[in-house]
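Enquirer: Kindly produce the complete structure, drawing on both the sequences and the hints.
Protein chains: 2
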Amino acid sequence: MIKRNTGFANLTAGYLFPEVARRRREYAASHPEAKIISLGIGNTTEPVSKHIASAMSDYALGLATPEGYSGYGDEQGNSALRQKIAEVFYSGKVDASEVFISDGAKCDIARIQTLFGNDVKVAVQDPAYPVYVDGSVVVGAAGENIGSGYKGITYLPCTEENSFFPDLSKIEPDTLIYFCSPNNPTGVTATKEQLKKLVDYANAKGCIIIYDSAYSEFIRDSNLPKSIFEIEGAKTCAIEINSFSKPAGFTGVRLGWSVVPNELKFADGSSVNKDWNRVMTTLFNGASNIAQAGGLAALDEQGLKDMKAQVDYYLANGKKIKETLDGANFKAMGVEAYFTGNGPYVWAKFPGKKSWDVFDAILDKCHIVTTPGSGFGPAGESFIRFSSFGHQADVEEACGRLSSFSM
Amino acid sequence: MIKRNTGFANLTAGYLFPEVARRRREYAASHPEAKIISLGIGNTTEPVSKHIASAMSDYALGLATPEGYSGYGDEQGNSALRQKIAEVFYSGKVDASEVFISDGAKCDIARIQTLFGNDVKVAVQDPAYPVYVDGSVVVGAAGENIGSGYKGITYLPCTEENSFFPDLSKIEPDTLIYFCSPNNPTGVTATKEQLKKLVDYANAKGCIIIYDSAYSEFIRDSNLPKSIFEIEGAKTCAIEINSFSKPAGFTGVRLGWSVVPNELKFADGSSVNKDWNRVMTTLFNGASNIAQAGGLAALDEQGLKDMKAQVDYYLANGKKIKETLDGANFKAMGVEAYFTGNGPYVWAKFPGKKSWDVFDAILDKCHIVTTPGSGFGPAGESFIRFSSFGHQADVEEACGRLSSFSM
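For the protein sequence lines, the chains are A and B, in the order given. Residue numbering for the first sequence follows full-length UniProt numbering, starting at 1 and increasing by one per position. Residue numbering for the second sequence follows full-length UniProt numbering, starting at 1 and increasing by one per position.
No lab work stands behind these hints: they were computed from the structure. A few of these clues could be false.
Heads up, the list lumps identical chains together, so a pair's fine if it works in one copy or across two of them.
Stated by the list, open to error - Derived DMTMM-like pairs: lysine to aspartate or glutamate, alpha-carbon spacing no greater than 25 angstroms straight-line:
(1) LYS265 to GLU19
(2) LYS121 to GLU144
(3) LYS197 to GLU263
(4) LYS3 to ASP174
(5) LYS196 to GLU172
(6) LYS235 to ASP174
(7) LYS35 to ASP74
(8) LYS93 to ASP74
(9) LYS93 to GLU193
(10) LYS305 to ASP58
Expert: Written out as structure tokens, the structure reads:
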């Protein structure tokens, strides 16, 4: 019989969010009266703008006409959309040939490991979005789980002590570095100076950075970099992954992109962009053409205005949650809440407590689903991530309940 | 610096279809007067039915309303769609929990290799759809290219001599067998008796079959099996991959599904379905919800009628091409054309000629793009694949030109 991929045997427990969903389901089943509100998974709740939805609707209807029909598109994406992304998000610093359209950031993060195979060294921020680690485990690059994490992965603690920016000197040469900014889960956005340090380190040590900027549209401080390609030297050491999911409400529509610079090389001097092109043409078949029509609409004047309004809405929720967590009842528990106003998450430390215990207590006493920080890595223990994705009325109701929480 | 995945270094030349596209582009550039018709890539050309397109259009428009909006869906797919596929295509032989919705068959074929890692033995029909081999090469399961093919892959010749059904005894125990029916490129559909042999062999030898039935809706002979799960014993040895691309015209919309039976096990007794669930939830994030709305419409009474009409249209094209290739000019060259009426491809042998030479001659003399059989594997040499996907008028014009072809 055929053997199981040892990567799966090495994967620990459930993927974080299904486990959160499971506990929610169980709680709901035994407490049918509870009106549960989710500040857990980063799932958008507000309708897509009329302008963007109409573009997709019109495109779909057009598929029923000879003029509007299209079959397979370029696997790398609609060239007008690649061009528009290069212009709007990278002001010409990136060429359209370096932009590849995907069905979302998570899928590209999974595919990207294909480029490097199963014997690459991996470093992740700790805490981090679980897919970086799980994707590495599945391809066999992470090795065994040794309790505190995987043997083959370097965890870079991002804590209050280092203002959530890791000690780079722990990263070995020739390492694939996953770096997320604005960060999920801490919400912290790296400064230009910090990213310059990271880029210089990667170039000096032969590392490649997978820069996840899926939350870049939440950045409101104009001094903060929205792309790693604002940093000199990034094109020889970084791949950027981004998505329409959060700013356009496309979590279910599925559309993202990655930028793989022409200057980026493997050790043998061959082009990473060329291999990525091969991944996308051989192992992928393009994002839905309807979603791509939506992406184009999202990048015109009206679409950009709509995306900004949608992000503003969620940022206001985040501010409200942060104010609640600064309340006297939380102060009494020693809770410290971090919210930058440049990302969608509020990251709160409950000193001396286990994340899952706090998760369960908040679910039980407030009927609110959160995300336990320990699910994002060892350094996330004692933290809870509060997501600002939710209807304003629900967030206000949740904040009302939280204002009398204690454990 | 980081090393290149050796799988990419092992990949030969370009992926078949980009190479075909390149030759077409070059020819068009040097012959701007040529009105080129494509009977090459299997790309749908006919509009999506109004019924199905309207369902997607309505869904997209609904995303702009609070009632119609949805964010992340289940990564495994909309449960109503999973249920409907189980009923419509498998008449209850398959449970909804065994059906996983994807963004298309090609993407699932690529992802499926993740289940088995890089040391699994692989067997493919020869000729075969190139992604089975290329996907295996990229994960490192295929080994080096030794000229006639990859060292780690068992090629199973499917030729006139064996009526295009392979000699199974060449397959070693514990092998992953890619099997496509109706076949791309030969067009041949396996009978129930043949599939029973395949299933029995796989069960006896501990093999797993990846059954690609993306063209099953082309089957018009009611004695032929549309699914491997019509065969007793298949649930302990097979995974089926299918797609809405061809019957619904969804090549650009992106929607497919895979069936991974609960009974299917790895050598250690663990469940393949469970690991696949993990692949889909961790490395994928669901097909576009708009496409899934289209899939649901395609499976109601009107949608099924529309899909049948669309397939009938292409089958009529295939019949016309087959008649043309039976003409006196082709007979004079010794050409033998195979067309079953149960698949979209006409597979024609040009004895004593190289496939790429025939490809070039047909492009040059008739301004018609075809697909060279050798691109599908060593046993495809001397063959040309003619695709029936095209506007009827174009196919008729192409057949007119072909009727005076010689080389």
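Enquirer: Hint by hint, say whether it matches the structure.
Expert: Going down the list of hints, with the structure as the test:
In the homo-oligomer, the alpha carbons of LYS265 and GLU19 lie at most 25 angstroms apart only across protomers (24 angstroms), although the nearest pairing inside one protomer, at 39 angstroms, exceeds that limit. Proximity of LYS121 and GLU144 under a CA criterion of 25 angstroms is satisfied in both settings, with 14 angstroms inside one chain copy and 24 angstroms between copies. Taking the shortest Cα distances, LYS197 and GLU263 sit within 25 angstroms of each other inside one copy (19 angstroms), while across copies they are farther apart (52 angstroms). In this assembly of identical chains, the alpha carbons of LYS3 and ASP174 lie at most 25 angstroms apart only when taken from different copies (8 angstroms versus 31 angstroms within one copy).
Taking the closest pair of Cα atoms, LYS196 and GLU172 come within 25 angstroms of each other only inside a single copy of the chain (18 angstroms); across copies the shortest separation is 54 angstroms, beyond that limit. Taking the closest pair of Cα atoms, LYS235 and ASP174 come within 25 angstroms of each other only inside a single copy of the chain (16 angstroms); across copies the shortest separation is 44 angstroms, beyond that limit. Taking the shortest Cα distances, LYS35 and ASP74 sit within 25 angstroms of each other only across copies (22 angstroms), while inside one copy they are farther apart (46 angstroms). In this homomeric assembly, LYS93 and ASP74 come within 25 angstroms of each other (Cα to Cα) only inside a single copy, at 23 angstroms, whereas the closest approach across copies is 37 angstroms.
Only within a single protomer do LYS93 and GLU193 lie at most 25 angstroms apart by alpha-carbon distance; the minimum there is 19 angstroms, versus 60 angstroms between protomers. For the identical chains of this complex, LYS305 and ASP58 are neighbours both inside a copy (20 angstroms) and across copies (24 angstroms), given an alpha-carbon limit of 25 angstroms.
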